[in-house]
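Undergrad: Given next are the chains, with one letter for each unit.
Number of protein chains: 2
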Amino acid sequence: MPLKKVAIVGTGAIGGYYGACLARAGFDVHFLVRSDFAALKERGMRIKTPAHEWVDPRPKIYRTSEEIGACDLVIVALKATANGALDQLVSPLLSESTAILTLENGLGSDELLAEKFGAQRVIGGLCFICVYRTQPGEIMCLHPGSLSLAEFGRPRGPRLMELEAAFVRAGVKTHAADDLLALRWKKLVWNVPFNGLSIAAGGISTDRILALPELESEVRALMLEVIEGAAVFNFKIPIDFMEQQISSTRTMGAYKPSSLVDYLAGREVEVEAIWGEPLRRAEARGAELPRLRMLYSLLKALTSLPPSSAR
Amino acid sequence: MPLKKVAIVGTGAIGGYYGACLARAGFDVHFLVRSDFAALKERGMRIKTPAHEWVDPRPKIYRTSEEIGACDLVIVALKATANGALDQLVSPLLSESTAILTLENGLGSDELLAEKFGAQRVIGGLCFICVYRTQPGEIMCLHPGSLSLAEFGRPRGPRLMELEAAFVRAGVKTHAADDLLALRWKKLVWNVPFNGLSIAAGGISTDRILALPELESEVRALMLEVIEGAAVFNFKIPIDFMEQQISSTRTMGAYKPSSLVDYLAGREVEVEAIWGEPLRRAEARGAELPRLRMLYSLLKALTSLPPSSAR
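Protein chains in written order, with my numbering: chain A, 45 to 355; chain B, 45 to 355.
Hint data in this document are derived by calculation from the structure and do not stem from the laboratory. This structure is a prediction, so every number in the text was calculated from the model and none was measured. Some clues are possibly wrong.
No copy is singled out in the list; a pair is fine if it fits within one copy or between any two copies.
[Claimed, not checked] Heads up, simulated BS3-like pairs for lysine-lysine below, C-alpha to C-alpha not over 30 Å straight-line:
hint, residue 1, residue 2
1, K217, K48
2, K344, K48
3, K231, K344
4, K344, K300
5, K85, K300
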């Protein structure tokens, strides 16, 4: 693909950050924006990091996909809970050769996009990053981390190499990989315990999870279950990876996982993508994951009530 | 024992209810009272049931055990979390032949009382009852249920028969049994899932636990783990019992388990007696109870924060 015109579907922290990086590197980035339209129009898009900040005073922002039209690359950075709107949001952005990169969490978005728009379009991206939206039009990136990319159902090819090069040009540490689902399970090793326990243990940040020995031991036990779930699909995740994830989380301080941020803000939590779908897939292959099942059940109950009325 | 003079240590819903029943039947019942002293002095003790109510206008209430002095029977109806005060509260009530009946929940209180005051004194009681304190000096009993009694570390004997007769005379459906620990594990089959999930799923009553299929399935899975924990001590709990417990819970409506009531009121929850101690005992014998361990860890985290600040 000649990668020039890019659409960002879902200008939250993730979509806004990577879109701004690509725009700064000279790509023609078009942001599909809902709630922050007025702020972005008025003050531009501000990206902060602990070391510096930069502003794009006039990001190309749109209220509808029709105004954007066909692109070379569509980056889907919605919450999985908003996938019901994909048809309407993505279809107007597609030409015959448009690639779709999904940065959504958990399991399910690759297959859904493949089914809707054609498997050959779909690339998955895993963002190992600490980034959040501080206010409308402003994004704070605490750790740029890295981005892993893989084609859906195929090993890497020229298109993926070009996409990797584009992100590298945009200053993002990027890895092209061959097995998208293996990557997704690997990311779940962190998301399942930390996003889940941060909600189920009463709305606490990662440092407080690791401060209670009983919860730290649940983190490990849940990680082992995810590793076991991955193993039934022949994805081997080394135990070392688990310890690395815990160690690096210790350096993150009072970090609120994205699901907790959503939960506390009263937004829908990606319960099915992060917990339900991995659980169902692994159970369907005969795995028994009692802790993941219990956590999923509790999260399902907790998120069916607004947090304020829950107690 | 000539069973005449009785002390109630802990005049909450359980202690107040059984004490009032015994007093109405002619026993000389002395209530050790803390927070409700003024209300009981002024308005007496009112016991309500869905069908009728009765008032003891002048219950014998005391602020200290020294004012009560030696009794034939001491009924300990404290929360397990108040056990630090046992020495001070119980010692003045003991003569050489005083029996101690503990109605505390979970595991641990029999052994603790035996260690402090002599194993020969200790009798355990399991209350299968729906009762709660509606306001100072007023107790509502929704289902009188039944009371199971057993000697600590011994089969039943004349003393237990006499105690059973006393409760029967007081209108309480009572069973004398031979194996106290087996009874305690049996009660945990209900307490572990319902008391625990009612807190961990966001402060919900039993009807809402059973309304969500995923949570109902966790109730069963936790019950099976308790049955497995009991089995390592050779206590056989039939699977039928589990289904009976779930069915009878369905008839209880929007019931708030006692631990949830404590939690919502900001009182300490009996996390160790109901979840921690059974878990440790079963694990020490080689049982693996992943759901009980996870629930215990979550409850430990949730109860280390006041509920209002937790979200």
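Undergrad: Would you mind marking each hint as holding or not holding in the structure?
TA: Taking the hints in turn, this is what the structure says about them:
1. In this assembly of identical chains, the alpha carbons of K217 and K48 lie at most 30 Å apart only when taken from the same copy (20 Å versus 81 Å across copies).
2. When the C-alpha separation of K344 and K48 is checked against a cutoff of 30 Å, the pair qualifies neither within a copy, at 41 Å, nor between copies, at 53 Å.
3. Proximity of K231 to K344 under the C-alpha cut-off of 30 Å is found in both arrangements, the shortest distances being 21 Å within a copy and 27 Å between copies.
4. Taking the shortest alpha-carbon separations for K344 and K300, both the intra-copy value of 19 Å and the inter-copy value of 20 Å come in at or below 30 Å.
5. For the homomeric pair K85 and K300, the shortest alpha-carbon distance inside one copy (29 Å) is at most 30 Å, but the shortest distance between copies (51 Å) is not.
When each numbered hint is compared with the structure, a violation occurs for hint 2 only.
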